[in-house]
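Asker: Given chain H's structure and the hints, the job is docking chain R onto it.
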Amino acid sequence: GAVVSQHPSRVICKSGTSVKIECRSLDFQATTMFWYRQFPKQSLMLMATSNEGSKATYEQGVEKDKFLINHASLTLSTLTVASAHPEDSSFYICSAYTGMGELFFGEGSRLTVL
Amino acid sequence: GDSVTQMEGPVTLSEEAFLTINCTYTATGYPSLFWYVQYPGEGLQLLLKATKADDKGSNKGFEATYRKETTSFHLEKGSVQVSDSAVYFCALSDQGGGNKLTFGTGTQLKVEL
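Residue numbers (our numbering), protein chains in the order written: chain H, 1 to 114; chain R, 1001 to 1113.
All the pointers check out, no bait thrown in.
Simulated pairs of lysine-lysine, BS3-like, Cα-Cα distance not exceeding 25 Å: (1) H:K41 - R:K1100; (2) H:K55 - H:K66; (3) H:K20 - H:K66; (4) R:K1077 - R:K1052; (5) H:K20 - R:K1100; (6) H:K66 - H:K14; (7) R:K1100 - R:K1052; (8) R:K1049 - R:K1110; (9) H:K55 - R:K1100; (10) R:K1100 - H:K66; (11) H:K64 - H:K14; (12) R:K1049 - R:K1060; (13) H:K66 - H:K41; (14) R:K1056 - R:K1100; (15) R:K1049 - R:K1077; (16) R:K1077 - H:K41; (17) R:K1068 - R:K1052; (18) R:K1056 - R:K1077; (19) R:K1110 - H:K41; (20) R:K1049 - H:K41; (21) R:K1100 - R:K1049; (22) H:K20 - H:K55; (23) R:K1100 - R:K1068; (24) H:K64 - R:K1100.
Honestly, the hints are just simulated from the structure, not real lab data.
One chain only, chain H, in its complex shape (with noise of 0.2 Å):
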């Protein structure tokens, strides 16, 4: 079935620092992306709506400034974590539509900043 690859799963970075996660649509090609964050015992919380050529959609209280999200193809979107802090550690999940009705996720991925 359809794959979805989240890397890296894991990262780990000094305060202010600047962090990359990259999320592929392996075997299909992805209308719409999603970015999530989750902490600890709390629900997956949408973060971004991206859509390939076009600027993300961000949700409510989500600085856009300190997460970046480029989605320069049908197969990849890019989170970027600008100058990295404590705060921002957390795990990050993407996910990937197929514009058929299907929705993939990826594997995470864990943010800790030092």
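Answerer: Below, chain R alone, put in the same frame as chain H:
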């Protein structure tokens, strides 16, 4: 806005026990309802779904019925196995296409021999 409330975990059961994970929702209109499962080290996978009232979704022995009168979508399985140990997420979509989801907090299930 839309919201999903799940029973808190972790839930620990013995193999072959009956499983119920409660899920209730709040939404405008007529949402589609989903259960996703996340096995250790893997991404979320769709387990089952229901798109209208009284629909029953089923897969791998799991079932859930869309109850509009009680705004619920409880997950059940008659006899759990160790391999069912995972985190289960209830979710809804108010756009029908299942592409933008509101999730519950997830319920961790641990099945022991």
